[in-house]
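S.K.: Okay, here's what each chain looks like letter by letter:
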Amino acid sequence: MTAQPSFTPAIRRLLMLGSVVAALALSGCATTGGGRTDDPFEPVNRAMYAINDPIDKYVFKPIAQAYVDYVPSIIRTGINNYFNNIDDLFSVVNGLLQGKLDKAGNDMARVMINSVPGILGLIDVASDLGIPRGNEDFGQSFGYWGIPQGPYLFVPLFGPTTVRDGTGFVLRVLWSPTTEIPDVAVRNVIYGLGGLDIRAQALGTTSLISEASLDPYTFVRRAYLQRRQYLVYDGNPPPPKDDE
Amino acid sequence: MRVLLNAWRGLAALTIVMLAIPAALAQEAPDAMVKRVANEVQQIIKTDPKVQAGDQQRIRDVIETKLLPNFDFDRMTALAMGRNWRQATPDQQKQLIDQFRALLVRTYSGALSQYRDQVMDFKPLRGDPASSDVTVRSEIVRSGQVPVQIDYSMTKTAGGWKAYDVIIGGISLVTNYRDEFNEQIKNGGIDGLIKTLAAKNKGLK
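Going line by line, the protein sequences match chains A and B. Under my numbering, the first residue of the first sequence carries the number 1, and numbering increases by one thereafter. Under my numbering, the first residue of the second sequence carries the number 1001, and numbering increases by one thereafter.
Pulled out of the complex, with its shape left as it was, chain A reads as follows:
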């Protein structure tokens, strides 16, 4: 995406928006495939999972573990806070998109406090002041508007998602303030740290999955879909059907 100097950022974003609309339209009608209704691409997804597993096991997980073991926690916390601050910024937008003004207000206050006195988000002053995080994102807004989740996708090096949530994530990356950093090298380092931060945060979860699951693919899928449903309904999802 960065290798398209001929597009101005504005045009690039317009093009993105077009493909987002197309993807969401797709998510609405692509729910009639064979097999499971929420995972019509299961064979492809399983193949992707099989590709991802060794890469994660032998490359990303050890790197993330080394990061946790050797980098002082004050630095890791700062990095985590920086990305949380950007998440909070998007939570403002998505709180507004869903008319959740309380949450949007809290998140707005968080971003202002953490970006200025908190030095670009590195210090989470707002949490010390007791302002809770809204934790809203584009995928949740789409869900709130009634757009179905669409097919489940497992993306190598990224993990579980759905057409709806993946679309939201693409928007989140493209509109992130990090894209405004002019120096490509600096920007790429920040993206790298972002990935590292996410993987390091998930270390406990992934070891629990390998401990608890009979088939990790099935386990991750159901856990992911349950979690997203819960977030879309702000912690009060309608009760699931007792049997399929």
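Calculated cross-link-like contacts (lysine-lysine; reagent style DSS-like; alpha-carbon spacing at most 27 Å):
| id | chain 1 | residue 1 | chain 2 | residue 2 |
| --- | --- | --- | --- | --- |
| 1 | A | Lys57 | B | Lys1200 |
| 2 | B | Lys1200 | A | Lys61 |
| 3 | B | Lys1202 | A | Lys57 |
| 4 | B | Lys1202 | A | Lys61 |
| 5 | B | Lys1123 | A | Lys100 |
| 6 | B | Lys1202 | B | Lys1050 |
| 7 | B | Lys1046 | B | Lys1066 |
Worth flagging that the hints you see were computed from the coordinates, not collected in a lab. These numbers come from a predicted model, not from an experiment.
Position chain B relative to chain A; hints supplied.
M.R.: Just chain B now, with coordinates in the frame of chain A:
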């Protein structure tokens, strides 16, 4: 003679006390019970030197004696099996309950080993406390992070309130295993599922 009578009286008194204990426990409110067990386990994790040293056997003992008596594994297994439950023979059902129980002990041991000092908040009970089915709601609060909600679905049994599902951050244990069990049964039948569970518990998988 007098000594004997005193002994008999003492024994009678003891019997009455012992009979009264389970009744008192049965009357403990479900949220009070979860809170008490959580506090007890937290206390052990913080103070027991063997647990702190990562002694797996000791951690398993704590789980067996403190946590597991508060779960209704029969119901949990039946729910995770869904409509396959009625197709299982009584013997298969028994094996499934035992294996599922063992798997949860393993999982809990792993989770407890990763435990850090965390603050638990309890929220008002969902459901009518007079009914036999309620949800106890709690939250793990960590500074700077979104709190993790932990809900316990509880049912009233003859032995007091027991949990039959744990929902962590919206992820129901029973729902998650229902997919896993379905998958295994589709591929190898109920015996296939029992075999997979047993292999997993022996650490082969």
